[in-house]
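Colleague: Listed below are the residues making up each chain.
Protein chains: 2
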Amino acid sequence: MKKITIQFEPEGRKVETNPDLNILEIAQDAGIGIRSECGGKAICGKCRIIIQDQRPVSKLTDAERRLLSEDEIFEGYRLACSTIAKGDLVVEIPEESRIRIRRMQITGMELPVKLDPLVKKFHVVLPKATLQDIRPDAERLLDSLESEYRITGLELNQKILSNLPDIIREKNWEVTVVVWNGKNLVALESGDTSNILYGFAVDIGTSKLVGYLVNLRNGETEEIVSVENPQISCGEDLMTRISYTLEGENNLKRLQRMVVGSINSLMKQACDNVGITTKNIYELTIVGNTAMHHFFLGIQPKYVSYSPYAPAVKSPLNVRASNLNLAVEPEVNVYVLPCVAGFVGADAVGDAIASGVCESEERSLLIDIGTNTEVFVGNSEDIIACSCASGPAFEGAHIKYGMKAVTGAIEKIKINSGNLEVSYETIDDEPPVGICGSGILDGVAELIRTGVINIRGRFTNMDNERLIQQNGKKEFVIAWGNETVTGKEITITQADIGEIQLSKGAIHTGVAITMRRRGYTKEDLGRVYIAGAFGYHIDPMSAKIIGMLPDIPTEKIKFVGNTAITGAKMCLTSRETREKAHTLSKKIRYLELAVDPDFQKEFVNSMYIPYKNMEEYPTVIKLLKKKSE
Amino acid sequence: MKKITIQFEPEGRKVETNPDLNILEIAQDAGIGIRSECGGKAICGKCRIIIQDQRPVSKLTDAERRLLSEDEIFEGYRLACSTIAKGDLVVEIPEESRIRIRRMQITGMELPVKLDPLVKKFHVVLPKATLQDIRPDAERLLDSLESEYRITGLELNQKILSNLPDIIREKNWEVTVVVWNGKNLVALESGDTSNILYGFAVDIGTSKLVGYLVNLRNGETEEIVSVENPQISCGEDLMTRISYTLEGENNLKRLQRMVVGSINSLMKQACDNVGITTKNIYELTIVGNTAMHHFFLGIQPKYVSYSPYAPAVKSPLNVRASNLNLAVEPEVNVYVLPCVAGFVGADAVGDAIASGVCESEERSLLIDIGTNTEVFVGNSEDIIACSCASGPAFEGAHIKYGMKAVTGAIEKIKINSGNLEVSYETIDDEPPVGICGSGILDGVAELIRTGVINIRGRFTNMDNERLIQQNGKKEFVIAWGNETVTGKEITITQADIGEIQLSKGAIHTGVAITMRRRGYTKEDLGRVYIAGAFGYHIDPMSAKIIGMLPDIPTEKIKFVGNTAITGAKMCLTSRETREKAHTLSKKIRYLELAVDPDFQKEFVNSMYIPYKNMEEYPTVIKLLKKKSE
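Listed in order, the protein sequences are those of chains A and B. My numbering applies: residue 1 is where the first sequence begins, and numbers increase by one. My numbering applies: residue 1 is where the second sequence begins, and numbers increase by one.
Honestly, the hints are just simulated from the structure, not real lab data. Take the hints with a grain of salt, since some may be wrong.
Incomplete in silico selection of chain B near chain A, CB under 7 Å [what the hints assert, rightly or not]:
(1) L161
(2) S162
(3) P165
Every residue gets a Cβ at the ideal spot worked out from N, C-alpha and C, and that includes glycine.
Model the full structure from these sequences, guided by the hints.
Modeller: Right, here's the structure in full:
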């Protein structure tokens with residue numbers, strides 16, 4: 001079939017594709033971010049693009065006439081979801097339709113490992129074939145590898161063999177062999193290329209992908225790249241995406257194509273920056289939560305969303321790149337880290353590895369905060385994990401003025417305990433647009449500290465100009481209308497506080513029950529690791545005040561960042577780490593909170609701010625006392 | 001891209017294909033035989049087809065106007081190579097354009113083996129997932145396989161995993177698992193399907209393919225199918241086909257597609273006959289000479305045709321069916337038997353296995369006669385193999401009235417030693433069209449026995465009406481014009497005799513030198529195995545008289561038929577046989593005749609009929625004496 005080429009501006013990126021697809025699909029499959037909230041159903045009108053020469057596209061639809069103004073239509077505006085490409089064309093993505101790059105936590109704690117990648121290169125000069133030495137090419141190569149490097153039992157494969165005769169003769173019988181795990185041929189290169197050996201580690205997050213390009217000759221991360229997860233256009237959270245896969249036969253394949261397209265883009269970008277090509281990437285390692293893991297592998301994810309939430313698989317997997325359409329050599333191995341359970345995925349295993357939480361005798365708590373929050377409690381002897389449905393409030397969802405952690409988001413809040421004057425900081429110091437997760441967390445903590453709300457999270461009868469009424473309900477003004485971009489005030493509502501109570505309550509419940517099942521009190525804890533992008537930006541004192549974290553000394557809290565990706569990277573450079581990951585995934589005991597007998601009661605108690613039994617939070621008692629003095 | 005459908009008559013077979021290909025290519029890729037001698041270059045005019053409705057095809061070319069008569073063009077005749085399909089259409093292949101089914105030797109000797117296929121089925125009923133037992137689907141399955149069948153260390157693979165959750169739930173947690181070699185998942189079927197387990201063995205011959213559909217539950221061959229090798233249209237012999245691969249970048253891929261298409265057709269045909277589907281074929285085994293082996297695997301075959309004739313690989317290979325586009329489940333294993341050298345291929349290893357020539361202490365000679373003739377000499381202690389360039393004379397090529405062993409070929413000849421009257425037999429008892437290999441061999445043997453030619457192969461001065469002159473050269477009339485289809489006499493010429501001398505001389509040279517290097521005299525031989533389709537039809541006495549075989553008692557000669565395919569079948573049903581094949585391919589010493597110091601002299605001596613030193617052929621001396629008495 002004839003292919004067509006779509007050029008996306010302003011990047012100038014060219015995408016070759018089949019005709020008769022809509023431009024949103026084409027962009028998503030190529031990993032190019034265009035906003036869409038309705039998932040391509042021509043409802044939200046967010047996927048606006050500009051096409052100057054509209055001859056090679058389908059005609060305007062009624063939905064477009066409704067969602068675009070006459071002026072816009074005159075200027076060439078279209079909706080990407082409603083525009084079918086028929087031939088070569090140029091598409092401009094205006095600023096408002098771009099998925100804004102969020103502040104992303106893309107680095108994390110990383111334990112030192114002994115450099116021992118599974119993929120290695122071996123350079124050999126073969127004796128030429130003669131009538132006196134008629135060994136076949138493959139056996140000649142294997143013999144040289146055995147005599148020079150003591151490699152035996154290498155499995156031959158047909159794809160590598162197909163060009164072997166030409167490659168070994170190309171540079172006068174001098175070749176470099178890429179071997180995986182001492183037994184599989186990954187690639188064959190003419191001449192001596194042994195000084196170039198790269199790997200690529202990927203964290204597939206629900207909302208973002210992060211890639212590390214790692215030089216496997218020295219273990220160094222040479223480039224870090226990241227991009228929004230394009231699957232967002234098929235659902236913000238993983239449950240919506242699982243539902244999406246059930247709506248159409250090809251939807252799972254589509255989610256898979258999107259994430260693979262993004263990984264291919266990330267690899268290309270990272271390689272371009274370093275001055276190599278993707279042919280120099282000889283292994284990939286992948287982490288992600290269980291749903292992302294299943295989407296990436298094209299594995300039916302349906303049952304992860306139904307009780308008893310059984311995933312298809314949790315073992316580590318080695319998959320050939322060609323089976324996944326990754327743009328590297330076909331025999332390159334893709335190592336997918338193991339999962340623990342339906343809601344404790346390979347990303348959590350990455351956290352555990354990179355933080356070392358399971359290796360030390362020190363009793364630790366690890367919390368990876370996200371829409372689902374994973375909790376690990378234990379030490380090298382025994383470790384228990386659970387998953388808490390903490391929801392998307394920390395990502396700004398379900399909060400009246402909530403937003404993601406992008407430019408203009410209020411991220412820090414202080415309230416004067418005397419006059420309730422508010423000081424705040426925004427991302428990039430731009431005028432405020434809304435409040436992101438760390439801001440709302442600060443806000444709620446400050447409201448309780450200053451007595452504006454009580455332990456149940458209700459507004460008290462305090463009187464202040466910042467306490468306003470909207471539709472008969474109290475709200476607390478964080479920023480006045482003259483300070484904000486929209487000209488309207490930004491507030492924290494009673495409902496917002498309720499959302500935060502639900503979120504922090506879920507986390508507290510998970511931590512409390514898991515600690516109890518492991519037999520720990522908070523005094524036993526030597527270290528509390530906070531992982532994940534959100535965790536990195538929160539104020540630990542605020543987190544303690546609202547009761548999201550136990551009341552432990554701040555010096556015991558360690559913010560470890562994106563340990564999912566550093567765990568993946570450690571697996572790329574170290575065979576031993578992979579063995580640890582596998583052992584861990586089997587050893588970690590998964591606790592299903594929903595069936596724990598204490599769950600209901602603990603959850604109710606955890607809804608209090610900080611907690612029903614205040615004695616658990618002496619630091620908070622002290623703060624409140626100080627205020628009342 | 002839109003697909004089109006071509007219906008080939010009279011079979012009614014429908015082929016779905018891309019438009020804008022010529023009909024010869026479409027037929028070849030689908031394994032449908034249409035004659036072509038020029039390889040699709042619009043020179044030979046043999047690929048005649050009839051298309052009644054010519055609207056969906058390209059216009060008549062100049063070549064077609066030249067090669068077809070006006071009447072034919074009126075009747076809808078076209079040349080398949082010159083007709084481009086644009087839409088759905090019906091193509092009739094007239095009788096004259098069909099590749100005639102040759103008499104094929106498709107069965108062979110087969111040693112009994114212990115039934116132990118590498119692919120096995122295991123039926124399990126899994127405990128259902130509950131909140132108390134939240135093991136992932138894959139681990140649940142592995143646990144059950146371990147506890148019920150003690151299978152451990154099974155490698156999970158992403159393709160099988162992708163549908164695992166649905167399959168295990170489809171029939172209430174009851175599944176049948178297909179496992180290869182105790183470690184790889186081949187397929188997963190819902191319910192209990194353990195009573196259906198088939199394999200398919202294939203011999204890819206230069207001129208024909210033979211397939212055995214084998215029931216792996218009892219080791220029985222349930223169906224034998226065969227077809228001409230469609231690659232014939234790209235060259236009759238393997239050297240021409242290797243040259244063909246060098247003429248165009250995609251030609252190797254094309255040869256691969258042709259043979260894969262034929263195997264897919266054979267599998268479908270065999271399964272239809274037995275009442276199963278190709279999904280029930282869980283493993284394939286493949287033999288073929290080294291060139292066919294390389295073509296099938298898409299491996300660069302170029303260097304097999306240049307000194308020192310190094311193949312790319314000789315080890316046994318296990319390839320996934322999906323990598324070869326075979327129409328079975330993607331993870332089905334394809335076991336390709338090992339080769340010995342560039343001209344002693346996997347088919348010869350099949351011969352050695354099925355005849356047992358390398359297992360017994362008895363000293364044996366095995367000859368697989370073809371365009372290249374493989375010779376094995378030895379016993380269980382040590383075995384030497386060589387390949388002789390015996391050429392295509394035995395297939396009727398380079399012989400004035402030579403033809404393949406199809407209907408109307410003279411296959412047996414007797415000449416009365418008194419009046420030189422000739423009696424002959426033809427295939428299917430039809431009036432003679434020409435002489436096939438076994439006929440020409442009989443003819444030359446009878447000519448020497450009756451003294452019409454001398455030991456140098458020259459016509460003597462005998463006077464008889466059957467000795468005629470053509471262009472000043474003597475020919476011997478086998479059939480008079482009034483007996484033949486064409487109305488012209490069928491003769492054996494001086495040049496024909498020369499061709500047979502070259503062919504049989506090559507074989508004799510190979511046998512003699514290999515026997516010498518192994519330290520055997522003909523008296524040492526306990527058994528002589530004659531393998532291959534041609535060998536099956538020759539008269540052993542004629543073969544001795546012309547000196548193709550050593551002068552050994554006829555009762556020691558065993559015609560074993562197509563042992564290449566039976567060797568492949570034994571590998572399908574027996575793990576031990578595969579190990580033997582591998583050991584053999586390493587153990588057999590390959591003798592490169594071309595560099596043997598005795599080669600030139602031996603070859604000259606072997607051109608005599610039966611041999612320069614007549615004392616080696618006492619039986620022939622006796623016959624000639626009898627004649628002269």
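Colleague: If a hint holds in the structure, say so; if it doesn't, say that too.
Modeller: Each hint, compared with the structure:
Interface hint at B/L161: satisfied, since its Cβ lies 5 Å from the closest Cβ of chain A, which is below the 7 Å cut-off. Given the 7 Å rule on beta carbons, the hint for B/S162 holds: about 5 Å separates it from the nearest Cβ of chain A. Proximity of B/P165 to chain A holds as hinted, the smallest CB-CB distance being about 4 Å (cut-off 7 Å).
Comparing the model with each numbered hint stated earlier shows that all of them hold.
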